[in-house]
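A.B. asks: Each chain, written out:
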Amino acid sequence: MTLTRSIQYPNPEPEVQTRKPGRATAMRLIVPLQGVVQGRGGLIFGSLIPCALFYFLQLYLKRHRSSNSRSNPPSPSTSSPNLAEITRTSSRSNLLSRGLIGPVRISSRAMSIAKPNDSPYYIGLDKASEDPYDRISNPDGVIQLGLLENRLCFDLIAKWMSENLSDSMMGREGGDLSISGITTYQPVDGTMELKLAMAGFMSRVMGGTVSFEPSQMVLTAGATPAIETLCFCLADHGNAFLVPTPYYPGFDRDVKWRTGVELIPVHCRSTDNFILSITALDQAFNQTRKRGTKIRGILLSNPANPVGNLLSREMLYNLLDFAREKNIHIISDEIFAGTMYGNEEFVSMAEVLDSENFDKNRVHIVYGLSKDLSLPGFRVGMIYSFNENVLAAARKLTRFSSISALTQRLVVSMLLDTRFIEEYIETNKKRVQNMRDLFVAGLKTLGIRCADSSAGFCCWADMSKLIPTYSEKGELELWDKLLNVAKINVTPGSACHCIEPGWFRCCFTTLAQEDIPVVMERIRKVADTSTLCS
Amino acid sequence: MRVIVPLQGVVQGRGGLVLGSIIPCALFYFLQFYLKRHRHDQDDQNESNSLDENPSTRSPSSGKLAQLPGLTRSLSRASLSPKGQSGPVTISGRVSGIIKGADSPYYVGLRRVKEDPYDELGNPNGVIQLGLAENNLSLDLVKGWLAENGKEALLGNGEDPSISRIATYQPFDGLMELKVAVAGFMSQVMEKAVYFHPSQVLLTAGATPAIEILSFCLADAGNAFLVPTPYYPGFDRDVKWRTGLQIIHVPCRSADNFNLSVASLDQAFNQAKKRGLKVRGIIISNPSNPVGNLLSRETLYSLLDFAREKNIHIVCNEILAGCTHGNEEFVSMAEIIDLEDVDRKRVHVVYGLSKDLSLPGFRVGVIYSFNEEVLAAAKKLTRFSSISAPTQRLLISMLSDTKFVHSFITINRERLQRMYVKFVAGLKKLGIEYIKGSGGFYCWADLSGLISSYSEKGELELWDKLLNIAKVNVTPGSCCHCIEPGWFSFCFATLTEKDIPVVMERIQKVSEICKLNC
Numbered sequence: 001m002t003l004t005r006s007i008q009y010p011n012p013e014p015e016v017q018t019r020k021p022g023r024a025t026a027m028r029l030i031v032p033l034q035g036v037v038q039g040r041g042g043l044i045f046g047s048l049i050p051c052a053l054f055y056f057l058q059l060y061l062k063r064h065r066s067s068n069s070r071s072n073p074p075s076p077s078t079s080s081p082n083l084a085e086i087t088r089t090s091s092r093s094n095l096l097s098r099g100l101i102g103p104v105r106i107s108s109r110a111m112s113i114a115k116p117n118d119s120p121y122y123i124g125l126d127k128a129s130e131d132p133y134d135r136i137s138n139p140d141g142v143i144q145l146g147l148l149e150n151r152l153c154f155d156l157i158a159k160w161m162s163e164n165l166s167d168s169m170m171g172r173e174g175g176d177l178s179i180s181g182i183t184t185y186q187p188v189d190g191t192m193e194l195k196l197a198m199a200g201f202m203s204r205v206m207g208g209t210v211s212f213e214p215s216q217m218v219l220t221a222g223a224t225p226a227i228e229t230l231c232f233c234l235a236d237h238g239n240a241f242l243v244p245t246p247y248y249p250g251f252d253r254d255v256k257w258r259t260g261v262e263l264i265p266v267h268c269r270s271t272d273n274f275i276l277s278i279t280a281l282d283q284a285f286n287q288t289r290k291r292g293t294k295i296r297g298i299l300l301s302n303p304a305n306p307v308g309n310l311l312s313r314e315m316l317y318n319l320l321d322f323a324r325e326k327n328i329h330i331i332s333d334e335i336f337a338g339t340m341y342g343n344e345e346f347v348s349m350a351e352v353l354d355s356e357n358f359d360k361n362r363v364h365i366v367y368g369l370s371k372d373l374s375l376p377g378f379r380v381g382m383i384y385s386f387n388e389n390v391l392a393a394a395r396k397l398t399r400f401s402s403i404s405a406l407t408q409r410l411v412v413s414m415l416l417d418t419r420f421i422e423e424y425i426e427t428n429k430k431r432v433q434n435m436r437d438l439f440v441a442g443l444k445t446l447g448i449r450c451a452d453s454s455a456g457f458c459c460w461a462d463m464s465k466l467i468p469t470y471s472e473k474g475e476l477e478l479w480d481k482l483l484n485v486a487k488i489n490v491t492p493g494s495a496c497h498c499i500e501p502g503w504f505r506c507c508f509t510t511l512a513q514e515d516i517p518v519v520m521e522r523i524r525k526v527a528d529t530s531t532l533c534s
Numbered sequence: 001m002r003v004i005v006p007l008q009g010v011v012q013g014r015g016g017l018v019l020g021s022i023i024p025c026a027l028f029y030f031l032q033f034y035l036k037r038h039r040h041d042q043d044d045q046n047e048s049n050s051l052d053e054n055p056s057t058r059s060p061s062s063g064k065l066a067q068l069p070g071l072t073r074s075l076s077r078a079s080l081s082p083k084g085q086s087g088p089v090t091i092s093g094r095v096s097g098i099i100k101g102a103d104s105p106y107y108v109g110l111r112r113v114k115e116d117p118y119d120e121l122g123n124p125n126g127v128i129q130l131g132l133a134e135n136n137l138s139l140d141l142v143k144g145w146l147a148e149n150g151k152e153a154l155l156g157n158g159e160d161p162s163i164s165r166i167a168t169y170q171p172f173d174g175l176m177e178l179k180v181a182v183a184g185f186m187s188q189v190m191e192k193a194v195y196f197h198p199s200q201v202l203l204t205a206g207a208t209p210a211i212e213i214l215s216f217c218l219a220d221a222g223n224a225f226l227v228p229t230p231y232y233p234g235f236d237r238d239v240k241w242r243t244g245l246q247i248i249h250v251p252c253r254s255a256d257n258f259n260l261s262v263a264s265l266d267q268a269f270n271q272a273k274k275r276g277l278k279v280r281g282i283i284i285s286n287p288s289n290p291v292g293n294l295l296s297r298e299t300l301y302s303l304l305d306f307a308r309e310k311n312i313h314i315v316c317n318e319i320l321a322g323c324t325h326g327n328e329e330f331v332s333m334a335e336i337i338d339l340e341d342v343d344r345k346r347v348h349v350v351y352g353l354s355k356d357l358s359l360p361g362f363r364v365g366v367i368y369s370f371n372e373e374v375l376a377a378a379k380k381l382t383r384f385s386s387i388s389a390p391t392q393r394l395l396i397s398m399l400s401d402t403k404f405v406h407s408f409i410t411i412n413r414e415r416l417q418r419m420y421v422k423f424v425a426g427l428k429k430l431g432i433e434y435i436k437g438s439g440g441f442y443c444w445a446d447l448s449g450l451i452s453s454y455s456e457k458g459e460l461e462l463w464d465k466l467l468n469i470a471k472v473n474v475t476p477g478s479c480c481h482c483i484e485p486g487w488f489s490f491c492f493a494t495l496t497e498k499d500i501p502v503v504m505e506r507i508q509k510v511s512e513i514c515k516l517n518c
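Protein sequences, first through last, are from chains A and B. The first sequence maps to residues 1 to 534 in full-length UniProt numbering. The second sequence maps to residues 1 to 518 in full-length UniProt numbering.
One or more hints might be untrue.
[Said to hold, decoys possible] Estimated spans, in silico, between C-beta atoms of each pair: (1) E345/A to R344/B: 57 to 63 Å; (2) E388/A to E120/B: 20 to 26 Å; (3) E372/B to E314/A: 48 to 54 Å.
Simulated from the structure, these hints should not be mistaken for laboratory data. Note that the structure is predicted; figures quoted are calculated from it, not measured. We put the beta carbon where it would ideally sit given N, CA and C, even for glycine.
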């Protein structure tokens, strides 16, 4: 934390980076200094504070040093003669006692990651994967409504695969070139063929209103690393992004874990049907600024996950204005762009940028095939950016997350098969819509209302009537009952950082139609006991 | 940031209180001065900017503002807008370093080959690739297998439900079946001397992210790893870029045949310590890349002792374990650890199928660790770098085909051996000395006789000549941080036997030019 705050100086220089990792003790100094710098403190403050801090530091070092030398007296004397043989042996002996004491430790950042899952989102996912429901073989298992996966059109994909697989993999001739095309090193940011195919697919999915430029694409192994890579590129350790809540629980890992970037929730409420307001954004921006944290951007999902609503064209304009005013970036996660089922029109950030003369450099779109082509197992994600620098950096960083060449080739031929794609998109839309209607109607019979939505694989259901107390605790109690008594894994709103308790995310595309009555029956059971209690 | 560096000097140099207060204050004044000047500039720009900008876009947005309630918002807007609109939006400091950093000759050369690749018939004047560690010698075997079994491997036996095996979310750290298969393959490659436990295996999208993830798990930003030089040029990116770690070079010399000595490790460790750096581990490649020698059992033991003594980790990159071609015996760190029952927690092995199965395009890497905490953290981090499910399915059946795997390993070894002998014979004819290698695709050769000045500059001049006149892309030793100038790495596994005379002729041409000039 302390390290990178320091990079907030106006012109972070590259050499700084190499030196930065110096010593943590001295680095701590800089943080309060910066507060003064940014708060425009006077010269007196600016001299008193560093001096005082420096004195304390010296004091601390002195105490620290003396205790050290007491424990192993030979070290100061032997370390001064330069590199003679003596140093080695003597240091060895005095380190031995220390080295053998504890076991080897892992890094502190890994330590916090290694801790067992505490979010109900991951606990539920684990539980459901340990004991998955199956109509015939495991009718008492946990029904998975927590993972955003679409199984409604697997028959279409399976059919395509069995017809075209060998041709697409080996090439029609099975020539020499085709094999080395999948086994040898390929560009880490994806092959040009796949970028072209993706560009075509994306504009088809978004209704043909936008065209995407393959040269502005960077392909990654899933949308998860796409988001992480963008965070690395747009923000330094200790900076923050604004995120409207409720948001996808995975962002907490994707954005924060390795990059050290913070997420500032911007709360949306049920009274606005969870639609983002610029006022709330502005408020969150100012509050964060006051705390001394630098905000580098806004992270949006459009269509929103979990609520499933869309950002209107007007809202996109306002967001762009806001971003320009504050000079921050916009990351627009449009991974659900192709799973629309309402009558509302989806507007991509790319479309808005095309039509108006905005500063394109601050807009970055995340996309992937996990949702729109229901192929999460293929791990195909994308960064689409208008910023040359971001593209250059992201291209280099994809070395840590590139897609297997075999998969790329498979996806290329799938995407280029326009007849299949057309059929898939149309059928998928119908089936998703159908499932949603059935599911929402089922919840309605139980007296559970869903937020209005027009896209995605899940409904955002209001179960606040079923919770024993109107609080996060009450919500988690209900979640626990649903998971352990009713054996249904749903995602509680608190995992999505929703500010109002009692909302739950239920994914319906993992189900078959026959499962819906089962789900409803199980919820009813819990609902009955809950209302009895209260 | 600049402020802090001199301060540190004072702290560690045990400067007095007076110095310690004058310096920070002075620096702080300068900083403020600088900031002030800088801010003025920006404001000026803003004013001109906002004048230029078409007023039409601004006014409607402020109109929209008026519709919404909330006094604070419009106020803060007004006060912020001159500053907010300042320059163009910036990217993060950490990646601007990544973009700016000039590419090393290693990457420059690779790009040149890509633009103008040699082809015996199609482009006989193109650049010959000797810089990329890729093995094309046994591609025909892989191709044959894929043609026969590819479809079945992906789809099972054509049953419908099998599609959910590849289309749905799978565990990020790899399917258990593939872990079992890879563990089996690893022990087969290492001649069954070791048993690898599938539960200690994590799969990543290539060995590159495997190394990065381990770096994240073993060290915090600002810590350092010891790495014997010459080392694989990619480490500079894998270990340092995003993790904020440093690499401390531990030079190996031609006099020792570039073998690692614990004495120089110790020296580097102490120097780093003196500079205030915390060393968290050693990264070694065995078989080494680019030199191609193996670490002896004895060296491995002393490395372990060293690591224990300093309480640091060992990351052992054994990605070339199956590409040994001499008579020397390869010993895996896992084997040593198996025998020695203590202290397993500090050993982490990196592996992958890019080299030993010559499938770099498939992006399959392995972290094999004995440390449960590392495994737990790394497992979660594989979400950023997982292997696509169709690739995993294909590999499960490929690796389970023991007959194929066995014949692949044997034939591949034979072919590597033959190419190595031929290539080395060619170099010998030109009077070029080399280090005798027993593993990998490289030949580490001493061209110091041809360089104009015994320095990195001279070496890069020769590299430039080789690339642009002879049209041969080799990796200069300086990219691998070799301490002695004039060494070059030649990767021979991308060639066919027919190419060897062409390469030798091209090198000879340059060597004649160099000798004339000398």
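A.B. asks: I'd like to know which numbered hints this structure contradicts. Please list them from smallest to largest.
C.D. replies: 2
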